[in-house]
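J.: Next come the chains, spelled out residue by residue.
Protein chains: 2
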Amino acid sequence: MESDFGVPGELSDLQKKRAEYQPGLPPCLQGTTVRVEFGDFTTTADPASNHVISHSFPHTYGQRLAHFLRATAKIPDAQIITEHPVMKVGVVFCGRQSPGGHNVIWGLYDTIKLHNPKSTLIGFVGGTEGLFAQKTLEVTNEILSAYKNQGGYDMLGRTKDQIRTTEQVNAALKTCQTLQLDGLVIIGGVTSNTDAAQLAETFAVAGCSTKVVGVPVTLNGDLKNQFVEANVGFDTVCKINSQLISNVCVDALSAEKYYYFIRLMGRKASHVALECTLQSHPNMVILGEEVAASKLTIFDITKQICDAVQARAEQDKYHGVVLIPEGLVESIPELYALLQEIHSLHKQGVSAEKISSQLSPWASALFEFLPPFIRRQLLLHPESDDSAQLSQIEMEKLLAQLVETEINKRLKEGTYKGKKFNAICHFFGYQARGSLPSKFDCDYAYVLGHICYHILAAGLNGYMATITNLKNPVNKWRCGATPITAMMTVKQWARGQGSSSIGKPAVHPATVDLKGKAYGLLRQNAAKFLMEDIYRNPGPLQFEGPGSDSKTITLSVEDQDYMGRIKKLQDYLDKVKSIVKPGCSQDVLKAALSAMASVTDILSVMSSPSYGSHAHAPL
Amino acid sequence: MESDFGVPGELSDLQKKRAEYQPGLPPCLQGTTVRVEFGDFTTTADPASNHVISHSFPHTYGQRLAHFLRATAKIPDAQIITEHPVMKVGVVFCGRQSPGGHNVIWGLYDTIKLHNPKSTLIGFVGGTEGLFAQKTLEVTNEILSAYKNQGGYDMLGRTKDQIRTTEQVNAALKTCQTLQLDGLVIIGGVTSNTDAAQLAETFAVAGCSTKVVGVPVTLNGDLKNQFVEANVGFDTVCKINSQLISNVCVDALSAEKYYYFIRLMGRKASHVALECTLQSHPNMVILGEEVAASKLTIFDITKQICDAVQARAEQDKYHGVVLIPEGLVESIPELYALLQEIHSLHKQGVSAEKISSQLSPWASALFEFLPPFIRRQLLLHPESDDSAQLSQIEMEKLLAQLVETEINKRLKEGTYKGKKFNAICHFFGYQARGSLPSKFDCDYAYVLGHICYHILAAGLNGYMATITNLKNPVNKWRCGATPITAMMTVKQWARGQGSSSIGKPAVHPATVDLKGKAYGLLRQNAAKFLMEDIYRNPGPLQFEGPGSDSKTITLSVEDQDYMGRIKKLQDYLDKVKSIVKPGCSQDVLKAALSAMASVTDILSVMSSPSYGSHAHAPL
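Those protein sequence lines, which keep their order, are chains P and R. Heads up, the first sequence stops at 619 in the UniProt record's numbering, and the numbers go up one at a time, no gaps. Heads up, the second sequence stops at 619 in the UniProt record's numbering, and the numbers go up one at a time, no gaps.
Please keep in mind that the hints were generated in silico from the structure rather than gathered at the bench. For every residue, glycine included, the Cβ atom is placed at its ideal position computed from N, Cα and C. The reader is advised that the hints may include incorrect statements.
Computed from the model, here is a short list of chain R residues facing chain P with C-beta under 8 Å [unchecked claim]:
1. Asp-154
2. Arg-158
3. Tyr-260
4. Ile-424
5. Arg-433
Reference listing, derived: stretches of chain P covered by chain R, where coverage requires no fewer than 3 residues with Cβ under 8 Å from a Cβ of chain R [as the list claims (entries may be wrong)]:
6. 140-154
7. 430-439
Over 10 Å on every C-beta distance to chain P, these chain R residues come out as not near it, computed from the model [to be verified]:
8. Gly-24
9. Thr-43
10. His-51
11. Lys-118
12. Asp-182
13. Ala-206
14. Phe-299
15. Ser-364
16. Lys-417
17. Asn-472
18. Arg-478
19. Leu-514
20. Ala-518
21. Val-580
22. Gln-586
23. Ile-602
Starting from the given sequences, assemble the full structure and let the hints guide the process.
T.: As structure tokens, this is what we get:
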């Protein structure tokens with residue numbers, strides 16, 4: 001199997017041209033001298049989890065933030081890394097392939113070789129399987145040349161398997177020790193970065209000198225938090241999907257006779273669906289987060305869509321486009337509960353054929369109501385992370401069928417007076433994630449690759465490479481490193497029958513923030529999108545000319561630069577200090593005391609564990 | 001409904017930029033003075049059909065070819081059209097939307113207004129329905145501005161309905177007479193252009209002064225013959241699909257665990273599948289034409305794929321990509337026969353639920369063997385052109401299931417020793433045809449629009465706008481007009497039970513030429529594609545920079561320039577004449593006589609009706 005990897009096929013003209021594209025570097029990473037500034041010690045966003053996380057990660061919890069600065073930056077405490085001994089670094093692709101993944105390896109390779117030509121980069125072949133079995137390929141410029149700025153993970157291959165069981169963790173440890181790796185770079189999403197943190201802790205405990213670094217690469221876009229603004233692959237996948245959605249919108253409007261139901265990738269969270277909606281303006285999107293927040297049943301959703309179809313029919317419109325995130329099935333309360341029962345029976349070893357007869361009465365009634373195709377799909381074994389096989393469950397077909405049945409019923413009753421309802425279903429999954437990466441993803445991944453080296457050079461373990469200020473051009477990007485534990489939370493509720501009531505610390509997928517600006521933009525326009533067909537076509541992904549430098553709308557509208565805002569707060573505090581010095585008037589002191597007492601009171605309440613547990617409702 | 005058309009939505013940055021793109025014109029169409037050269041009187045490619053066609057089209061059969069030349073061209077017979085009276089032209093979109101359709105209207109509008117600003121262009125709203133019901137929209141520059149170089153047919157809308165029944169033809173005639181149209185331009189594929197020819201003849205018989213012009217616009221790429229090298233939309237659709245196929249190939253190679261079965265649009269012919277294969281190098285493609293030529297059964301095809309899966313497994317490869325044209329079902333002899341029985345029962349008014357009980361014993365046995373989902377799809381009503389609802393019949397799923405069953409059987413028998421076979425199915429249909437058109441399609445459509453005007457200005461009726469030498473840059477393109485009847489043939493065999501044994505003259509879809517160069521290229525590389533995974537990614541459709549000027553491989557490799565070669569032959573004949581003049585030697589005369597006798601003998605045989613009927617085997 002190995003022999004295929006690193007052996008490129010024939011490149012098209014565009015692929016060749018893309019292979020020549022050289023991503024830029026922000027000023028802080030240019031040249032061979034980089035300063036590291038160590039910032040604050042970190043905590044986690046959920047105060048209720050601190051104790052559990054610090055207990056689980058005694059060696060790697062609470063470490064300081066790191067910022068990479070130019071050698072000439074005027075920060076007194078920053079330290080310049082001057083020694084660059086020979087280094088041996090391993091790199092592995094984990095989870096679903098995301099456009100841009102190859103560029104992380106390229107960036108890492110370039111900077112490793114720049115700092116010491118004798119250093120080596122070892123790729124694990126076939127993903128984590130290769131990590132466990134020590135199947136390696138030394139990355140060279142010759143091998144890289146055909147994968148620069150190219151999509152897929154085919155230079156090394158990948159796996160969806162996790163690094164979780166004791167055997168797996170031990171195998172990884174043994175590999176790193178045998179190969180005497182100084183660093184291990186794990187390229188992946190929330191699960192893989194959780195695994196990276198766990199490995200880092202295990203290695204520290206075992207006295208293994210390999211430092212573990214995570215890189216946020218996932219087309220789902222759900223590895224988002226105070227430190228991580230975007231994920232490699234999300235930009236490309238949203239652009240490719242938006243183009244296809246827009247093409248379908250144009251099609252709908254030209255033919256005027258079909259409703260298209262399109263399911264999009266993105267796992268549990270609906271980031272891809274939200275971004276594509278903002279780019280393409282389809283008539284409707286059913287976000288999993290809205291459904292969960294409003295506890296909408298499958299019948300509520302069906303009714304919503306039917307009402308929309310009816311309202312459009314009254315304006316003589318018999319076409320439309322409805323987007324559905326692949327995670328929807330787990331957001332619908334009754335379907336989620338049914339899935340939990342099924343998965344629990346799977347765990348008890350009940351065979352798929354016998355599960356339906358062992359369901360509780362209510363679950364059985366729901367199950368029997370569903371069409372056969374969806375029953376078969378719900379009965380599939382859960383994935384290794386306990387979630388349903390979301391890519392296999394055709395919710396778009398289920399909704400289209402239910403809507404058709406309901407519209408036909410309304411037609412008979414005389415409440416719907418329009419033409420026949422025709423639906424065509426699509427799943428846009430696999431056709432986007434192997435795409436040539438957008439310029440943004442090429443740049444972002446390449447720079448992250450560079451940061452990985454600097455994290456290792458600074459001797460840090462259990463960190464993720466991060467870049468903030470991403471909505472600005474590359475030369476304004478701020479590069480840093482964050483302990484992965486600072487992104488972890490602990491779920492406080494039971495999940496499935498018989499499982500424990502407190503989860504393990506993990507980097508959990510961020511869901512769409514229903515109070516965020518991107519979602520606000522959708523709400524603001526939803527009525528227009530629904531009725532007015534103001535479809536918008538971002539067009540095919542461009543590498544030159546107009547559109548080639550565009551970024552996702554989510555990234556552009558969200559408040560970002562968390563670290564910049566932390567800095568701003570510190571400036572305020574400094575300013576208060578400088579005003580309220582001995583000698584200031586009684587009135588100034590009184591005002592300052594009163595105001596600060598109020599601020600600290602509010603923040604104490606918001607930061608208490610009991611407040612935190614309310615603020616984090618289950619998905 | 002009308003109010004929506006011509007009302008643009010919000011354009012993205014790329015859409016805006018594309019709207020500013022100005023396609024070029026070949027020298028012969030630049031300026032306001034164009035010469036028309038009338039060439040040979042035409043015949044048809046199939047000598048056996050001449051009689052039937054000339055009988056059906058007494059007014060429009062056999063007309064001369066027309067070539068458009070620069071005013072300064074040194075062709076003595078050519079005539080310059082100097083008068084450009086006020087003209088009123090109607091235009092209608094027919095059939096499936098193809099990227100570039102809007103540009104035909106734009107080109108037509110520009111040249112109409114250039115020659116006489118008082119002339120008007122009337123668009124029929126909602127396709128042929130608008131034509132029958134006189135629902136119109138005057139095309140203005142303001143309306144056009146948001147549709148220039150944009151995809152879809154949403155400026156006017158479209159329908160799939162034909163202009164075929166007496167009522168429809170009469171309604172169209174009435175519309176043209178009422179609106180006093182000088183010309184009617186019909187934008188569509190084989191069916192619509194056949195209808196255009198029929199309308200032209202009917203109008204001529206009725207003494208209606210409206211001249212009818214057809215334009216070859218169909219993403220299927222099957223309106224191909226001596227006069228038509230390519231169709232508007234094919235280039236874009238193949239590029240978009242090839243990108244998606246390539247993305248899936250990269251995905252397959254990255255994950256190494258799935259076989260992807262992808263069905264492509266293209267109706268009965270496999271041009272799209274062939275072109276995409278040449279662009280993307282997937283492992284396999286099942287061309288309908290190969291299947292029909294070799295009379296492969298569904299079991300033969302299943303076995304072919306299984307053998308490929310097995311051969312790849314022996315090389316430790318468990319992934320792959322298989323392309324399937326949507327017309328495949330009608331190319332498989334036993335499925336086609338089953339469909340014919342079903343359609344015939346439909347025609348007899350048997351309801352879908354009862355059809356299965358009335359099938360002949362063998363058809364019933366086959367029907368019962370098939371999985372329920374495909375049975376339901378086969379029972380769908382045939383389309384208006386008597387073909388099955390190809391877009392609805394999921395042959396990719398059927399093949400994936402049959403292959404899985406067969407591989408599992410081989411696994412039990414011990415002949416297949418590899419890992420489990422996993423298939424994922426896709427239908428790439430609706431997501432490509434609404435795309436922003438490629439530069440080639442923008443240019444091609446725009447220039448065709450110009451030609452439509454010149455055809456009308458020359459007073460021609462029943463012609464199609466044609467451009468040859470397309471593989472060269474725009475300034476080398478040769479523009480002309482061909483009587484649509486010259487592209488017609490008559491099918492000589494029975495189609496379905498109870499239908500007549502001789503068909504009507506029609507422009508039939510051209511199938512992939514199994515002796516052609518494009519197919520030769522596939523055959524030459526098929527073994528490598530199958531085993532070596534030399535996937536190639538043409539990347540997203542580009543509008544600037546590398547790749548933006550590429551054309552389809554089919555167009556680039558095929559021998560083209562039919563008219564150029566006719567010209568070359570005439571040069572040979574002239575040369576023989578000039579050598580063999582009175583006074584030449586006896587030997588020269590003897591050699592010439594002998595050689596020419598042999599040439600004329602061969603050509604006489606090849607052009608005889610009986611030879612022709614053999615050469616045109618049924619699809």
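J.: The structure should be examined with respect to each hint, and the outcome stated for every one.
T.: Here is how each hint holds up against the structure:
1. Hint status for Asp-154/R: holds, given a least beta-carbon distance of 4 Å to chain P, under 8 Å.
2. For Arg-158/R, the suggested interface contact is upheld, since its CB lies about 6 Å from the closest CB of chain P, less than 8 Å.
3. Satisfaction of the interface hint for Tyr-260/R is found here, the shortest Cβ-Cβ separation to chain P being roughly 7 Å, below the 8 Å cut-off.
4. Contact between Ile-424/R and chain P, as hinted, is supported at the beta carbon level, the nearest pair being about 6 Å apart and thus within 8 Å.
5. Hint on Arg-433/R holds. Least Cβ distance to chain P is approximately 6 Å, under the 8 Å limit.
6. Counting residues of the region 140-154 of chain P whose beta carbon lies closer than 8 Å to any beta carbon of chain R gives 5, which meets the minimum of three for the stated coverage.
7. With a cut-off of 8 Å between beta carbons, the region 430-439 of chain P has 7 residues touching chain R; three or more are needed, and the interface restraint holds.
8. In this structure Gly-24/R is separated from chain P by more than 10 Å, as the shortest Cβ-Cβ distance comes to about 18 Å.
9. A cut-off of 10 Å between C-beta atoms confirms that Thr-43/R is not in contact with chain P; the least separation is 37 Å.
10. Annotated as non-interface, His-51/R keeps its C-beta farther than 10 Å from every C-beta of chain P; the closest such distance is 39 Å.
11. Annotated as non-interface, Lys-118/R keeps its C-beta farther than 10 Å from every C-beta of chain P; the closest such distance is 31 Å.
12. Distance to chain P confirms Asp-182/R as a non-interface residue, since its nearest Cβ pair spans about 27 Å, more than 10 Å.
13. Consistency note on Ala-206/R: stated as away from chain P, and its beta-carbon is indeed over 10 Å from all of that chain's, at 31 Å minimum.
14. Its beta-carbon lying about 25 Å from the closest one in chain P, Phe-299/R satisfies the requirement of being farther than 10 Å from that chain.
15. At roughly 23 Å from the closest C-beta of chain P, the C-beta of Ser-364/R stays outside 10 Å, upholding its exclusion from the interface.
16. Listed as outside the interface, Lys-417/R is consistent with that label: its C-beta sits roughly 15 Å from the nearest C-beta of chain P, beyond the 10 Å cut-off.
17. Even its closest Cβ contact with chain P, about 18 Å, leaves Asn-472/R beyond 10 Å, as expected for a residue assigned away from the interface.
18. Arg-478/R, annotated as away from the interface, keeps every beta carbon of chain P farther than 10 Å; the closest lies near 27 Å.
19. Leu-514/R, annotated as away from the interface, keeps every beta carbon of chain P farther than 10 Å; the closest lies near 25 Å.
20. Consistency note on Ala-518/R: stated as away from chain P, and its beta-carbon is indeed over 10 Å from all of that chain's, at 17 Å minimum.
21. With a minimum CB-CB distance of about 50 Å to chain P, Val-580/R clears the 10 Å threshold, and the non-interface call stands.
22. For Gln-586/R, the shortest C-beta to C-beta distance to chain P comes to about 59 Å, beyond the 10 Å cut-off, and the non-interface label holds.
23. For Ile-602/R, the shortest C-beta to C-beta distance to chain P comes to about 42 Å, beyond the 10 Å cut-off, and the non-interface label holds.
When each numbered hint is compared with the structure, no violation occurs for any of them.
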